[in-house]
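**Q** Those protein sequence lines, which keep their order, are chains A and B. All residue numbers for the first sequence refer to the working numbering, where the first residue is 58 and numbers rise by one. All residue numbers for the second sequence refer to the working numbering, where the first residue is 338 and numbers rise by one.
Quick caveat, the hints were computed from the structure, so don't treat them as lab data. The C-beta atom is built at its ideal place from N, Cα and C for all residues, glycine as well. Do not take every clue at face value.
As the list claims (entries may be wrong) - Far from chain A, some chain B residues (derived; all Cβ distances over 12 angstroms):
{"#": "1", "residue": "N344"}
{"#": "2", "residue": "L373"}
{"#": "3", "residue": "C415"}
{"#": "4", "residue": "L482"}
{"#": "5", "residue": "R505"}
To be verified - EDC-like cross-link-like pairs, simulated, lysine to aspartate or glutamate; straight-line CA separation at most 20 angstroms:
{"#": "6", "chain 1": "B", "residue 1": "K361", "chain 2": "A", "residue 2": "E115"}
{"#": "7", "chain 1": "A", "residue 1": "K173", "chain 2": "A", "residue 2": "D193"}
{"#": "8", "chain 1": "B", "residue 1": "K361", "chain 2": "A", "residue 2": "E109"}
If you want the building blocks of each chain, they are given just below.
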Amino acid sequence: MRNVFLFIGRHFNFLFFLVLQIIALSFLFRFNKYHEAAFLNVSTEITGRINERYNNIEYYFQLKKTNESLVQENLRLRQQLKENYEGPDSLRRMINDTIKVDTGQRLLKYRILEAKVVNNSVTAMANYLTIHRGFDQGVRPNMGVTGPQGIVGSVVNVSKNFATVQSMLHYQFGVVAKLKNSRETGTISWNGQSPLFVTMKNIPKSVKVNIGDTVVTSQTSSLFPANLMVGTIADIVPDPSSNFYTLKVRTATNFSTLEYVYVIDNLQYDEQKRLEDSTRKKIQ
Amino acid sequence: MSELLKNIIRFILFILVQVFILFKMPPLHRFVTPYLYFLYILWLPFSLSRAALTFIGFFFGLCLDYFTKTPGLHAAACTLIAYVRPFVIGLLISQEGADKNYIAPSFVSMGWAPYATYAIVLTVLHHSYLVLLEWMSFGNFMYFLGKVIASTAVSLLLILVTELLFFRKQKFRTNTI
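For reference, chain A alone in the conformation it holds in the complex (with noise of 0.2 angstroms):
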């Protein structure tokens, strides 16, 4: 027993040393799998209030541009209004029926929250944004999250005023996306390559694509509703050897000029998420 002491007192600051290390490495590997880390609760309430006194100085310069982009959104939404649309036929008129007869009425399946951004990265392998919404304002983890101009990501953290959303500039990203045209749906990645561009996978050899595309989301992704748009298709990276295109998609959203997201509340999701691991237990 002595001895032991005896080593640990000659070695104390080498074994110090490793322990520190020890300490270090399993927070870095048990927040790159289940995104979760010691003291974290805690560090993003304390540091989403720095980037918020930070952002509120930054926030002037992008004045501009934040309007300009909100305006684009307006305009594009105005343009979906019912009344810009007329059939060619003038005389039959079209009707809702109101008259519930079954319950096939709608339901409310995404209920949306805006938010503001208060940090932001785009230069790292594994991009965070820092938002302003957290979960005493109902943000839960894997809620999806979206721009005025595309998708962003998907919250990964709550504090109680704050989230942390991992950006579709992160390596572990991944969402369902379909071409707007065929309707193929393939998955969305980032290869850590350019800020600007993200990787889409997937699409068989026999679907026609044409640069300049536009890619969305799919009614299978389970984080956002159907048609939002995630990018447009820059480039068609040749890969001989394999039966699926390999394309390079310039995201929509640009991610450096982000200051308003909109949370997306699926509020289905649990339901299908019990539905779906129930079977995968049935099976097994």
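Using the hints provided, position chain B relative to the given structure of chain A.
**A** This is chain B only, laid out in the frame that chain A set:
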């Protein structure tokens, strides 16, 4: 100003500069990430014990980590360089007892060539370990090599600029007074 207060202010300033200036810069290339924050560890006084130095390194790295949402990444790299620092200083110090006569490592206290070597060794060590940890979950070998070299070059440039801009006057202390 006392040495402790000076170091606490530096602690906060280095983290804020790294998070709100260097990380906010538009990316030059995917290999280039401008790191400067670890200069804080290079500037810590000679008089600190090795255990204290290692712990400060860990805590300093962890504080930055909670801003970048990578808990443990910078902490691991900072702990490593803080632990290795006394060995490097022991090898490079020009004359016996120079670490008793000055407060902290600098061009003045160590001389130009030893201090430059000291900065280069610790920068390379820090970047290699940091990028290695990143590489384990992501990327390939070329990415590792390219990023270590490019980031080291940028960091050394930043360190040189910082040293010239904020020249630290170092008083020669003898134990006769």
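**Q** Work down the list of hints and note, for each, if the structure agrees.
**A** Right, here's what the structure says about each hint:
Taking the minimum C-beta to C-beta distance to chain A, about 19 angstroms, the non-interface status of N344 of chain B holds against the 12 angstroms cut. With 12 angstroms as the threshold on Cβ separation, the claim that L373 of chain B sits away from chain A holds: the shortest Cβ distance comes to roughly 14 angstroms. For C415 of chain B, the shortest C-beta to C-beta distance to chain A comes to about 9 angstroms, within the 12 angstroms cut-off, and the non-interface label is violated. At roughly 15 angstroms from the closest C-beta of chain A, the C-beta of L482 of chain B stays outside 12 angstroms, upholding its exclusion from the interface.
At the 12 angstroms boundary, the C-beta of R505 of chain B stays outside the reach of chain A, the nearest C-beta of that chain being 27 angstroms off. This hinted pair checks out: K361 of chain B and E115 of chain A have alpha carbons roughly 11 angstroms apart, not beyond 20 angstroms. Distance restraint check for K173 of chain A and D193 of chain A: the Cα-Cα separation of roughly 15 angstroms lies within the 20 angstroms cut-off, and the hinted pair is therefore satisfied. For the proposed pair K361 of chain B and E109 of chain A, the alpha carbon gap of about 15 angstroms is at most 20 angstroms, so the pair holds.
Going down the numbered hints, you'll see the structure goes against just number 3.
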